[in-house]
Each structure stands twice: as C-alpha cells, then as structure tokens.
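K.L.:
Chains A, B and C, in that order, give the protein sequences.
Terminal number for the first sequence in this note's numbering: 468, no gaps in between.
Terminal number for the second sequence in this note's numbering: 468, no gaps in between.
Terminal number for the third sequence in this note's numbering: 468, no gaps in between.
Treat the hints with caution; some may be incorrect.
Same chains, same names: a pair is fine if it fits in one copy or spans any two.
To be verified - With a straight-line Cα cutoff of 20 Å, these simulated DMTMM-like cross-link-like pairs (lysine to aspartate or glutamate) come out:
no. : residue 1 : residue 2
1   : 349       : 79
2   : 156       : 452
3   : 349       : 80
4   : 257       : 344
5   : 188       : 50
Note that these hints are calculated values from the structure, not bench results.
Note that the structure is a prediction, hence the values are computed from the model and not measured.
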Amino acid sequence: MPTSIAADPHRLLPADPAVRSIARNLLDRVENLPIISPHGHVDASILADDTAFPDPATLLVSPDHYVTRLIHASGVPLEELRVGGTAEVQPRQVWQRFCESWPLFDGTASAYWLRSAFHDVFGLTEELSGANADETFDLIDSKLQEPGFSPRHLFKDFNIEVLATTDDPLDDLSAHASLAADASFAGKVVPTFRPDGYVNIDAPGWADRVEKLITTSADGLSGYGAYIRGLENRRRYFVEHGAVSADHGVRTPQTLKLTTADAEQIFERARRGEGVAGDRDAFEAHMLYEMARMSTQDGLVMTLHPGIFRNHHPGTFERFGGDSGHDIPFPVSFTEGLQPLLADFGTAKDFHLVLFTVDETVYSRELAPLAGFYPSVYIGAPWWFLDAPDAMQRYRAAVTETAGFSRSSGFIDDTRAFCSIPARHDASRRVEASFLARLVAEHRVSEERAHELIVDIVDGAPRRVFKL
Amino acid sequence: MPTSIAADPHRLLPADPAVRSIARNLLDRVENLPIISPHGHVDASILADDTAFPDPATLLVSPDHYVTRLIHASGVPLEELRVGGTAEVQPRQVWQRFCESWPLFDGTASAYWLRSAFHDVFGLTEELSGANADETFDLIDSKLQEPGFSPRHLFKDFNIEVLATTDDPLDDLSAHASLAADASFAGKVVPTFRPDGYVNIDAPGWADRVEKLITTSADGLSGYGAYIRGLENRRRYFVEHGAVSADHGVRTPQTLKLTTADAEQIFERARRGEGVAGDRDAFEAHMLYEMARMSTQDGLVMTLHPGIFRNHHPGTFERFGGDSGHDIPFPVSFTEGLQPLLADFGTAKDFHLVLFTVDETVYSRELAPLAGFYPSVYIGAPWWFLDAPDAMQRYRAAVTETAGFSRSSGFIDDTRAFCSIPARHDASRRVEASFLARLVAEHRVSEERAHELIVDIVDGAPRRVFKL
Amino acid sequence: MPTSIAADPHRLLPADPAVRSIARNLLDRVENLPIISPHGHVDASILADDTAFPDPATLLVSPDHYVTRLIHASGVPLEELRVGGTAEVQPRQVWQRFCESWPLFDGTASAYWLRSAFHDVFGLTEELSGANADETFDLIDSKLQEPGFSPRHLFKDFNIEVLATTDDPLDDLSAHASLAADASFAGKVVPTFRPDGYVNIDAPGWADRVEKLITTSADGLSGYGAYIRGLENRRRYFVEHGAVSADHGVRTPQTLKLTTADAEQIFERARRGEGVAGDRDAFEAHMLYEMARMSTQDGLVMTLHPGIFRNHHPGTFERFGGDSGHDIPFPVSFTEGLQPLLADFGTAKDFHLVLFTVDETVYSRELAPLAGFYPSVYIGAPWWFLDAPDAMQRYRAAVTETAGFSRSSGFIDDTRAFCSIPARHDASRRVEASFLARLVAEHRVSEERAHELIVDIVDGAPRRVFKL
C-alpha cells in the first residue's frame, strides 16, 4: 500500500542528517502550538451556521484559484471546474478533472497543502489519479457528512485559537457577533476591515458604496468629511466587534498627504463621475495616509499588499469575476512611496504597519532596512505566490541578517481554503525550523536561543504584531 | 597524470551523499536521451556542407563572445583574439592567449562547457595553461582534420535529434532544404523565423530590408499591407521548411494594438526616414501584437527575449559589429507590457508564447504567475548569462512552487558554439536531477514521480512546447 | 561555563561534513593573511593620537547605526542610546539597554561581528544579557584602559596592513601625514577622496564648501573652471598623501556629458541659489562623468554606491543628523545610466571603476555582465546591508558564473566600528571558503585551483583592484 509523502515526519526539513536532527528538535517545540491566523479569507458564516461542507470539489477545487489556475493553464476551461458555479458540470466531473490534473501540481505549494489535507484530515494514503477519482470523491464526500467534519469540529481539531476574516466596511458582522455570543464555541473569530472598494475611485460601484457609507454611518454629515467620518465610525464598529487590523490591497505603495480641499475636490469629481487622469492614484495614496492616521487613533494594525495587476485577462474577468486566478504581480518599491506616511507616523506610539509583497526584490533592499529602523514597520510573511517552502527560505535569508527575527509579522495563511489552514501553518513551522537549524549548524545562533526563537516566531510574533 | 574534473560522474550533483545518490539515479534516466535543441545559432550550412571545422581558436574562441568578453575584461584587446577576423594575428596566437587566460574562467558556465568539450569531444585530460597551449592546439587541430570530427559526424555522436537554427526572414533556407533532402543525414535541422531587423525601424538597413521583403514576398501589394503580407508569406515559407518557432529579440516586452491607420503612418514615416520619438517602441510593440496574431494563424511558437541593451560600448561596436560581448541586460517587467497581447491571444487555442529573461526578478514575480494561468505562456529556460548551474537552480526554485514543472519550456542551448551543445544539455540535465533530488529528499515529490518528471522535463517539454 | 559560538572553528562553514572539511582547508590558507581594508570610515586621528578608546557603549554602541537602528525599531528612542551624544544618559545605561536588547540581534551580521569582537578582542565567553550588563561593561571598560588596547596596539594585533579612511576633499590630511612620518607606526593608513558634498548642489552648505574650494585650491581661477581645477588639485593632494581611490555616494548611477557651457550654467544657478528642477541630478550625472575623466588622469580608483534614500525619517534627521540609521535603499539600474561614462572611459587604460550596490537584483543582471566585458569595471563586494554571510553567498552565486572570480573588488569592510574589522574580514574569508568548497564538492573547480583562488580573492584582488 503506498504511503503518502505527507506522512513523513521529516518532510520539508533539510536533507543533511545533522541539520535535520536540529530542525526536528526545533519543530517538536512548536508542532502542537495553537494556530493563530491573523489574516485570511474564510467566511465567518460557515462557522456561525456550522452546516456541513459541500462535496469535495465544491469545497477543495472550484473556489481555490491557486488550484483552478494551474489546471486552466493546462488547457481546461474554468467552466469545467465550476468556477463561478454552473449547472452543466457536476462536482464529480470537476473532481475527475482535478484528479487527472494532479501531476501538474508536483513541486507546488498547493500540492503540499492539498496532500497534507487529504492525508491528515481525510485519511487518504494514495496519490490522486484519474483512476481513483470516483473512489476518493466518495471517500471525502462521506467524511464531509460526518458530524466530526463540521466546520466547528474541524476548527477545534485544527487547534485554531484565533481566525481573522476579511470583511466589507459595511458588513454588520452578525456572524462574528453570534460566534462571540455562543458559549458552545470556544474559538475566536475576528473581522478585518478591508476598505479597498471605498478607496479606489475607479472600482465598479464605488460611488454607490460611498453613498451608502455616508447615508448609514456618517453621523448625518455630508461630502468628503462624511466619507472620512463614515470610515472612522465603521472602523470603530469593527474594533468593537474584535477587529485587530485593517487590510489594504492597493495598486502601489504610494502615499500622499493632500490638503483637505484637494482631497475633497478629487472626491467630488469622482462622485460626479468626472474624475481625471491621476485622480485614482492620488486619492488612493492620500487615503493610505489617512488610514495610517486613523490607525494611530483607533489602534487597528495596518496591513498593506500592493503591486498586483488585478484581473489581467479581461475575458476571464467578464465571465468569472475577480479572484479567478489571473492577478499578476509587477515590480514594487516601498522606499519612496511610503516616505510621506512614515515621516509622520513611522515612530508613532503603538502604530503597526505590516508590509506584504509578492516582489521578492524588496525583502533585502527595502523591507528589512525599513523594519530594522521604524518601530511601526513589520515585514509581512511570504504571501500568496511566495507562501511556499523555498520562497519562505529565501525570505528568511533575505531579511534576517539586517532585521533579525523580531521584525517579522509571523505567519499569515491568507487563505479561503479552510481545510488547508493546518497544512499551511505546519509548512511554515517546518521552514522556520529548517532555517534556524542551518544557523545553528553554522554556529550563527546558539541551539538554546534557536529554541526560544522558534516559539517566538510561531506564537509570540503574531500575538505581538497583531495585538492579540 | 591529472584527471579532468569534467570526468567525474557526480559533477554538478549535490554534495550531500543521500541527495547525490537520488540525483544520480534520476540522471541515469535521462543521461542518454537524444538532444532536442529548439533554439540556437548554429549555421545550417556547416552541416549542409559538412566541411571540416577550422583550427581550435577559430572554432572555439574567436566567435564565442562568452569567451572573448572575459578575456577582454582582463585587458586583452579583441583584435588579439581575432574577433571579427584579422590577418595580423594567427589562430595559434589566439589559442596561446586563451590558454593563458584559462584561469579567468574558473567558476563560470563557459569553463564547464569548454572543459567538458575538451574532455569528452577531444580527449584532453589536462587543464589548459600557457605551458600546454601549443600542445593542446596541435592535439585538437589534428582531431579536427579526422573524418570522425566532421560536423555531421559530431552531430550524430552528440546524439542530436533536432537542431533549430536562427534565420533571416528572407533566407532561402537552401541549406535546410538540402539537409532535409539528403537521405544520408538522419538529423532534423529546422529554421527559425527571426524578424527583428524588419520590426525595429531604427535598426541600420531596416528600410532596405523592408523594401526587399515587399518586392519579393508581398504578392504585388504595396505599403504597410504589403509589409504585413510579406511577413505572413515568409512565415509560411519557414513553416513549409520545417520551422516551428519565430523568435523576437525586442527591447522591451511592451505590446500594443495600433489601428491599421496608425501603424501605417508610423511605417511610412519610418520608410521616409522621418520617424519621430516613440515611433520605434510603438511600432515594435504593435508588431509583437501582430506577430502573436500571425502565430495563432500559422502555428509558429512565439519566443520573446526582451531587456537587453545591445552594443553597449560604441567603440567596440564600430570596430567589431554586433554580438561582440557587450550586450548588457536591464530591468524588465512583462505583466503590464504583455497585457494587450495576452488579453486577445492569451487563451487562443494552440498559441504558444515562450518568455525568456535575463532579469531573474521576473521568475517568481511574473513568469510563474503568468504561465500558471495562461495556457499559451511558457517560462523560458534560464538563458544567456543565466544558463549556468546556480542560476538554473534559482530558476527552478523560483518558478516551480507557483507553476509546477509543466509550464517550463525545456532546455534551450541558444548557442553558436556547436561543440558545446552536449555539455550544455548535460549540465541542464544534471541540474534538473539535483533540483528534483532535493525535493525528493525533503519529501515534497515522491521518488517515483521524480523519475517521470525528469523524463518529461528533458524530453517531453521541448517536444510539447515547440510542437516537435 | 557557557562557551561563545564565536569560538567554534567551523563557524559560518557549510554543515555538510565533506564540504566543511574542504572549506576548513581553504580557510587555513588565508585565515592569518594580513587585513587589507581599502574602504572604510575609521578616523585617522584615533590612530595618530593613539589615545585610549572611551567606554564600551561609546565605542561599540552609540556611534554604530547598524546597532542603534535595530534597538530603535524595538521602541527605544535614540536619545537613550546617546546617539548624537547627550548628558542625560550615561554610557553604563546605554550598555544596559544594549545588553537587554541583545536577543534582537540573533541572526544578524551585527551579532556575528559583535560576538566575535567580544570573544576575540575582549575575552568574553558569555552571551550578553540584562543580567550581566554591569559586569561586561566593567570588564570591557577595564580592558580599554590597558595599554594593549590602544588603537595602535589593536591595529597591530588585528594584523591590518592597509587601512583606508574616508575624507573631505579639503581635509589637510595631517593625521595621515603624521602617521606616515612616524617610524614607530608600521601600518599604512591612506585617505580616500569623497567629494559628495561638493557635487550634490542640494546638499546643505554646498555653496560654502565650493566657495572655500575655489578660494583655497583653484590656482586663483574663478567660476566653474575653478571648481573643476580645485577638485583636480585636491585629488592630486590626496594622491600625494597616499590616496588610492575616490568614493562617490550618489543618488543614482546616471552619468551625462554636459558641454562646459551647460555645466557652467547649472553651476552658477546653484551658487546663486536659483537652481531649477533637474539641476541636481543633471549636475551630479555630469560630475560623475568628470570624476571618471579625472580618474583616467590621476589614477584614483573610482568607487560608486548609488541607490540610497538618505535620511528617510525627517524627524530623526533633524534631531540626530545623518548616518543615524534611516538610509533606505531603492531600486537601481546601472546599464543605461553608466553608458555615457563607459562609452568614453570603459576601456581606458588603468581606469578602475568599482560598482557597489544594496539592490541585489543588479548582481547577475548588470554588474557581472558589465564587469565581464569592461576592463575598467569591478563588482564591488556585498556592502552595508548585504555585508552578511547569506547575502555574500548570494553575491558569489549571482556573479561568478558570468564573471568568474577575477572581476570582484575583494572584501570591503566599510566600517566606522574599528573593533569589528577583524570579524568582518574573518566572516568574508569564511564565506569565500564555503562558496569555493561547494564548487569543489560539485566538481566545478579543482581543489588545487580553489586554493589558489582563495588567496587571490583575499589578498590579490584588493591589492590589484585598489592599486595597492
């Protein structure tokens, strides 16, 4: 009977026997610590409702753009994976396609997460293949019907202590409130304030959202002042419901302090649909500055992840909407863009600014130097395309020599794939153990300190950086 | 007697004994597979004519800008290496210079290729030095006179199955035709359509070449329409002569869909020598778009390698012409530039677009994300300055976690140095085996799958990507 | 009793036993070679005066922005570290803070240097901690009073053969002269010409410095011609006092050959305080070109390190001045910017141009290709944030395959921390041995050649590149 490589206790650890042994000891320290997930995209309602997950394909394939994109690249239309949902293809057919496509994933981070989930959550020991598609579909499907596989049971089994969701500023956060009020649910599920759709004046529906924000949340004010007040009020509402951070997916890391009059003019032009070239970027840059100011007042940690060309393929966007697998990174530089913000708030007491990137060049060039000086700046964990073993090793090697370990954010899973959460955190812990083990083997960090460091990296950092 | 390190069966494999052993087994699978070379710069006529190669210096040193550039950096004028040819220096003197300069190459990719060729092709076991220059010159020179060292013999000994050349659109491809018609030659030598000189309106001689294209190949049409028709016709001629790809060495990866009227205006201004600022880049961007359109119609694989400042040192260019060792890379980004092309052709059936780079930053940031979504996009193998063991390891580590193994082009030797072809492919196979062996040792890929993958990487990918 | 990891003979060497053994043998070759330090920031007067160093905090903490910046990032105001000096905090308090902050430095280059200095220079075997702050302060403080710890004694103990300082063009170099004239001091301390404050027309005090340059050093000339003459004269003065290089910390690597008339206009506008947008960059670009021209005449090696946003946090700059830990790198590209300079001087006889970067992307993309062609161009050693073990490994891996070993500058410590000099050179030698050992283990360089190469890297290169 084939044994999954997901079961090997030394997976992701270095091959050298001596270093592997150091790493394995370090891993032992943190392997069973609870999961702290301060940023992700799981929907709070699945926990509030606690209804059984749907079939394997609808749970694990169709909504996961990490998975569907690579199958799409092999020539399979997204329709056939039920991206966006369709009545013409059945989940079992999607699963068949996925199983046939499984060899595409060799060497990817997704393969690691999925294989771990298959093995650890669903007890699969075989590798997927076209031949066992029906059998594995049925096996996982039947598990998903069992009470032990309900969202709340898995939440507990996964040993999740804190899970942050990502939410629209006008969300009423009722799912969060109901979970908080429910004595039978011991976990902590906190919302995250994500105002992108209210900040990017070119985003479809911006004016309507802003209108609603002003109408509902601006204390009866009007105009730009109401917009700012509305955002401040909604942030306070989020804080009251447990939010610890506000997340910003902007085009570039430019920041700008406009005068109120200038900001108001752009804002009103945009509301009238009369925006001019440059308005979008200027307003976004200004609002990043404003959001930092609000963070210094209400304490929300500010997380920033610029440098993505969203919805690169118009045909796919028109048919399947956003988050359908064709957001593509481009070069980014933080040093000049963030300077206006950091000049005013970089040393502000208790301000936390976590900088994420999918452009690795900024790690040693900018993020480590910035975080190694500004008390507010933390280096975001490798994220999205970079949340993968080799990329995580490169990250540590790039930032540690300048900034040490204390300036990193702690691991972020950033996932909407609930069942992948344990595997993602496990992978991160294994990589951290491997990196530290090499430093120990090279006599750069003492083994004693490495054991303290790995606990701080896994457990201390996310609590400290995200004020948990 | 000193033994060349080129003879060690574990060369380029990882040092760790356990990983080395896995790698060596993987290498065994592919070490003797035929060479598929879908892009390079060997002249088809040397095989068609099959005349003996000249002396060692004229074969191995003077025309190879990888070699001459580093000797030049040490202070030796290119004249003394007979770059461009001269009567004043003899090949034996060039060889003497080269042997004296041999220590400069320690650690370079060129040293690996040359040392392998010396050992494997010519039977040299000593390291070159000023002291053995005469002796090694004579030894190689006498081998080159032997019938077994004719181009066709070596082609067979090298186990080359397919060799692509690079050709001017107006080339009559007679050498290719004569090889195809020759029953005594079993190899496959295919042309590649390289239209740079017809697309860059600032290239010296552009107007003359375009005039000739229109006169000879445009079905009697005139103007911009004739230019497009001429290119389409010549592409078809290449296809009929076995071509599988069109290669584009543009300045940047910008693409642009001009209206026919706008394209025509630029084209006519350029023909009159009245081009204005921006015309060159706009026309090149537009023609990349047009070439992609043609590829979707005639099936030629489109290969793209932007980001090079050609002929950086004017004094050297004036004296020795192009390809004399001072083409220098600059930063490049594909995400925004390619968007217009990919918006229209990115999911076109059977369209293949292979993206090469000498700016490593795009591997994880752009190429893996693009190729991991668009069915048309393939990540070109590490090329030119990056065709080297460590750089190839970085490439795999940068792209695989996002795009797996299926989205890479397969190895490209891109060489005009015929005798280096086996060593280049051998080096690539060794690096692929080493990379996979690490993944196996870290339990990220099963050993069974690794054995399938390496065959696909070495043999399957180039056939599939280049439609061979 | 705890033993410092700084004492391990295999520190920084690879973990694999076979590779480590090769590396250790290579290290044996160079471990005791004299230190050649062709670029740094130690003040010549400390050696000329040879007065005892002050207390541990004032020697090792307050002036070292590598150290204070990371403590600052943890929330400690720079005042409390006596950055810039203050009467309100005592050195012993600074030392206490530093010792409490010591765990922040795990994994950083600074930790390696400091731990080595503590162990090797001051005989500390314990790790610092808040608990032993007083004890370690006293121990180091008492050592610093001993005659054996005077600057000149340490200079000799450190086995420094040549030490270059960095000096203002109008410095009278009396400390250098006095050391040169002192028969009791065997070391060589040479000045370096650093004209940034005379070239950047926006630098505070530029006009006054230029006025003084013209008044004192321009042979009675006036205007732009006097400025150029003054710089030429001061360079000659530096050459006469032993200088071998001129160092340029410019914003970007742009170079430009202005006409004398155009340069004169910008120069005079700047003197009148009437500069316009673009003047600063154009003049700096022009002056880089001029400085290269001067180097071809007076032989000073030209070193260049662009790409830093100086004094990123205005509040800190206003209070503590420059070099207070918030200079942050940004992206840089040399290929196009340097082209005008290299077109005219790139192949000039005996011209040496050493290119430093803190943007690692240029190593393989630009620096290795440039240095692998131009006889004048050398790749500067990993510098500043990149002067660290992993970064140094990345550097070698990025440049060697294209440019070999002969085109690198040799190690540069660039430090104002005198006691860290041996540890910095030791770290570099260990990394070079490790890199070469891997190439030997992978049969890419013969062991025999590796032994020659490491001597050339450590001892030959700095002498050759800096004309020592």
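K.L.:
First find the shortest C-alpha distance between residue 257 and residue 344 inside one copy, then the shortest across copies, and answer within, between, both or neither for a cut-off of 20 Å.
P.N.:
The answer is within: 10 Å in one copy meets 20 Å, while 39 Å across copies does not.
K.L.:
Quick one: residue 349 to residue 79, C-alpha cut-off 20 Å, is that within a copy, between copies, both, or neither?
P.N.:
between (50 Å within a copy, 16 Å between copies)
K.L.:
Can you give me the call for residue 188 and residue 50, within, between, both or neither, at a CA distance of at most 20 Å?
P.N.:
Within one copy only: 15 Å inside a chain, 63 Å across chains, cut-off 20 Å.
K.L.:
Up to 20 Å between alpha-carbons, please classify residue 156 paired with residue 452: within, between, both or neither.
P.N.:
neither (26 Å within a copy, 39 Å between copies)
K.L.:
At 20 Å max between alpha carbons, let me know whether residue 349 reaches residue 80 within a copy, between copies, both or neither.
P.N.:
between (52 Å within a copy, 16 Å between copies)
Hint check: a violation occurs at hint 2 only; the rest are consistent with the structure.
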